[in-house]
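Can you build the whole structure from these sequences, using the hints too?
Heads up: the protein sequence lines correspond to chains A and B, in order. Mapping of the first sequence onto my numbering: position 23 corresponds to residue 23, and the numbering continues sequentially without gaps. Mapping of the second sequence onto my numbering: position 986 corresponds to residue 986, and the numbering continues sequentially without gaps.
Bear in mind the hints are in silico, worked out from the structure with no lab data behind them. Nothing here was measured: the structure is a model prediction, and the numbers come from that model. Careful, some of the hints might be misleading.
What the hints assert, rightly or not - Once the Cα atoms are required to be at most 16 Å apart in a straight line, the calculated EDC-like pairs of lysine to aspartate or glutamate come out as: (1) 116/A / 468/B; (2) 116/A / 531/B; (3) 116/A / 535/B; (4) 265/A / 315/A; (5) 116/A / 680/B; (6) 116/A / 532/B.
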Amino acid sequence: MTEAYLALEDGLVLRGRSVGAEGEAAGEVVFTTSMTGYPEVLTDPSYAGQIVVMAFPMMGTYGVEPGWAESRRPFLRGFVVRHCSPYTWHWAGRIPLSDYLRRWGVVALEGVDTRKLVRHLRAGGLKRGVLATGARDPRELVEQARSVPDLSCVDVVEEVSPPAPFTLPGEGPRVAVVDCGLKLGIARELHARGCEVVVVPHRATAREILSLNPDGVVVSNGPGDPARLQATAREVRALWGRVPVFGVCLGNQLVALAAGARTFKLPFGHRGSNHPVLDVDTGRVRITTQNHGYAVDEASLAGTGLRVTHRNLHDGTVEGLAHEALPVFAVQFHPEARPGPRDSRDLFDRFLERLQPARPTARAAGTA
Amino acid sequence: MVIGSGPIVIGQAAEFDYSGTQACRALAEEGVEVVLVNSNPATIMTDPETADRVYLEPLTAASVARVLEVERPQGLLATLGGQVGLNLAAELARLGVLERLGVELLGTPLHAIHDAEDRERFRDLMARIGQPVPESTVASTPEEAVAFAEALGGEVVIRPAFTLGGTGGGLAEGREAVYEVAARGIATSPIGQVLVERSVRGWKEIEYEVVRDADDNAITVCNMENVDPMGVHTGDSIVVAPSLTLSDREHQMLRSAALSIVRALDVRGACNVQFALDPASERYYVIEVNPRLSRSSALASKATGYPIARVAAKIAVGYRLWEIQNPITRGTACFEPALDYVVVKIPRWPFDKFADSDRRLGTQMKSTGEVMAIGRTFTEALLKAARSVEAGGVGLYHPQLAALPDDALWARAQTPCDERLWALAELLRRGADPQELSRRSLVDPFFVWELARVVEVERHLARDRSPEALTEAKRVGMSDAEVARVWGTTEEAVRAYRKSLGLRPSYKLVDTCAGEFPAATPYYYSTYEEEDEAEDDPRPCAVVLGSGPIRIAQGIEFDYSTVHAVRSLREAGLRAVVVNCNPETVSTDFDISDRLYFEPLSVEDVLHVVEKERPVGVLVQFGGQTALNLAGPLHRAGVPVLGTSADSLDISEDREKFDALLSRLGIPRPPGGAVRSPEEARDLVAKVGLPVLVRPSYVLGGRAMRVVYSAEELDRVVRAALAVDPQHPVLVDRYLPGVELEVDAIGDGTHLLVPGVMQHVERAGVHSGDSMTVFPAPHLPPEVASRVVEILQSLNRALGVRGFLNAQFVVHGYRVYLLEANLRASRTVPFVSKVLGIPLVQVATRVMLGASLEELGFPGVYHLPAPRQVGVKAPVFSSEKLPGAEVAVGPEMRSTGEVIGLDRHLPGALYKAFVAAGARLPLQGPLLLSVARRERAEAVRLARRAVAAGLVLWATPGTAEALQRAGLPHRRLDYGEAVAAVRGREVAAVVCVPTVGYDPTRPGFRLRRAAFEARVPCLTSLETAWALLDAVEFAQAAPIPQPTAGPAALG
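What follows is the structure in structure tokens.
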């Protein structure tokens, strides 16, 4: 059994066993409290550039089934767990977690006090860190962690956004999805509702998107600092009034940036499957999946035409926006879930409902 | 008004005291005036501090209606009192009482309760919302059940409608089996119906705890996975939280289903939803919904830290979920807890007391209680739970099972039974293939392989005693005792080695949020990891040991005492630290103590807490025998035991030392001695004479105890008792029939506080826990009373008692004999405290902390003034749930719970006690008499009084002959006719005094079982029958007087 280390920039070093690929990984160390759904977490592109700590200690207990993946491969840098089950007996999840991690070259560590790590990150804020296997000098690793570039200085979306558009065929409305690190769940939800889903890279211009003649546009989730995506935000702004827009997670932040508002970095982010979000209009609460390190600065919304539609009940941060006049709305949480509660799948229905009055005969005209 | 759940029975244990107490406090916070009705005195819920007014009254519709008449509350909250509370509310509504008195039913509306409980309505609703339920039918006759089962083919499950814990149900395949189980189920159902349903035995059983408000906000607090798959009642299953073998897809599928069901039902509060999930696909069925607080909700609360009862109570008075605070994080209660640990529950079964009962587990719940353990991994939690449950094993090793041949172990692995966990581990130890074990036991391979992992660590440890190997063993969850077994050394030696390595546990917080937010509640568990979150607190503290799982002879009474001890420690300015492992209890609620360590009550785990907290001492007198047994080891490890010294405790527990003390003090006890063979027993009996009381030494609650009337029986009984515990001799004492008295005194070695004397209705020989008890004792001759006090004071001085002194006496002839003395809080402490309106535990705690009784205002031999009311404690049995078990009372305790009857006069108190215990009084009869030959003269006197009271008498042949000779009118039945009459509920009550007992081949045994199963009141001692006649005459004469609330809170 190979030893492995996680070293943080502030000097904290944890020693455990390697349960993934051999090697070294560097990135921002974050934690999620989702108790199930490690295959989805592993393949969520929003974790690109990050080392993910699972707060729930028993991982791999039901294996991995490749069909559960949320993207074409894991994009996270490293994976830290308390216990990685060496076997799986699940009828669908037939690949043991550690095999899966090795297959995709994910460096992973087990056997460490993950609760200590979570509390450390919660109290002191997220840290840069290095995960390394084999006999290592902890002090050296700490030094290395200090030289890891900050996530806000990296264009990590480049890494995850697809090189070219692709389409999921459907008979219903055509929806363009701007892929900034798209979880396939979003595309699957739209597709399941009969949409023709055209996924375009985040570099696509508004003109290119509109040339697809979409009935609506979804701006996806994705990794990194939204403030680095001003160009994408401008293109999103150019769509307003031309076609209904629905932003998810990073998409929510891009909608805000598009309107001239600002985002800021949360101390340790929101990552988990249990965050309560209040729908300001109905007074109803939904339990949501969250995975974001940045949030929209509410004060900066004044005069942008956007209003807050959803609010996080834990810290009051903005969880949803809608434009006063235009068919533009967005949520900071993940209505596609995967992992997490399916409480918010109705938002896709609401989005599709908005498409109809906007361009009632678009598809008919297109095919006529 | 809040309805409690009444006595503890199988399927309804301490969890409702926990949830009821938490809810009452939550209501009080909102300024709501709370009126409480409950018949169970051994509860914190019925303390004057819990509610504004407390009625210790029977939980029948008539009785609760009388309280409603007096109190005229605006609302009624019935979802806190388990199935009893729910059924009462439904009945009060049906009778029009609620409407007539303008009482609104709070929380979940009645239509939701009916939709969930009425199988047909529930199936219709599920069909409407597209949720799958197993094919089933409702049958009112066994023939209907058979017809459906035959059409369906395969195994069916049969459950009676409207009963607790699946009473009277079972799995059946084939015509005859279906007929038999259906017939039993129809008889136990209050509406005479059973549900016959396709069996999904072997599927995963998954539960969700849902909370919803009137605004339709809904969350799931947690999900739980049964390690024992479908086919075993969830109350009898080993359960893990959260689920471990479900993918996120499966979990979210079931979570969404649970939410849509709870929404469709319009639940406003808490609800439990159970599913069966195919282990090889995403197919599932909805199995059961409980629209109320439940055992599962209590477990989910303790497992997550989320106070479900509190939140449900706030919802009932109109709050929206997101307006309620989560007291743990001070954030909103409208979120779903995230765990960063694993919780395992193991049930505690009463088969040690009911050795004659069928140990197999099925759809009928048989456990009396449960333990919960928290660890960072499944194995750690499982091993902690296995040592918490006190089932005779060392971790996953059980010496009795280790002695069995392979085929006997395979039988236990294949058929769900209480020993299955240990059988699986033993088979793995012998090299069984985990895959085959899983296939034959239907336990998910994941769990079997986890057991195999523990066995693998054991194997490694056997070869390797290195620090690394020991660290690995501790991290997998093994105790020092388990390591010692593998190494063939002592627990002390392992502890010393481990300490030399600096290997100790650290403590982590249960915070509802997996560390995402700072948490305010001090609720800890141990694990072997780096960071210890239990920060040192310089303020002085004392540790109170709880009593572990609810079991027969060690029930909720001890949790009551634990909680009061905590309160008085805090009043005395000390931090109160609780160690306990029972999730159903008030003592393990998040805000009762200053610190809660949810840990096994083992020497190792308690020592770790002591090392962590450095208390002024440990209180061992409140947690029953579990806590008391730790006194010696703790004392030897240098831990101060507060109160009576460990040496004195040892004397009181050791027969020989105690006998020596008594003869020195001149205190008479029944003659007898210890024997190691049937021959020695015969010699002893030749000296002391028959009848004798035979029991093994060193066992709890009179296990395997018998009264022996003949030389032939003596041999058999002594052999059986020797078999229970071959290490120790069997005690044989002359059985002295007479009036039995009991006192819960408090001593400080000099002064003595006597709260009064209790009298048992049944003669000595019936276990005190199974006797009806009257307090204060009526017509107690002053010379007897003073002799009792004299003996107590002499023990107080000689043993240097500091704290409780419970003693039982028998008055035989004109002499007072001491039967038993316990230097701890007894089962009757809450009963006596409730009748007096004085919490005795608080006085005892102060004495244990060092105050003298004189300082506390009780100088000399201080008698508390007699209470203004009379209390009668009546035992409640769960024998109908344990097929094949003897139901007659005897020296071995069998009751699971108790009720109180309180009135100004004895007959009224007796009446209430009988009614509260669930007896329908035989106001006209027929009363069926079947009495052992030796008691027939007394039976004739009883019969004469019954006839005078207007009762019709029936009798079995021998008894009939005696009645004939006495010239009393009666109808003679042979045993076959008698059993049939009982099954057909043609008789109103049965008096059946056994000749031998415990012999299922005897007609009397069958008659008693028939009575229990048909729920016909069955009295197995003539004294109880006399008391019943008192109650009958009271009821015949009455109007039943208006109830009065108990004494108000002191101070």
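Would you pick out the hints that fail for this structure and give their numbers low to high?
1 and 5
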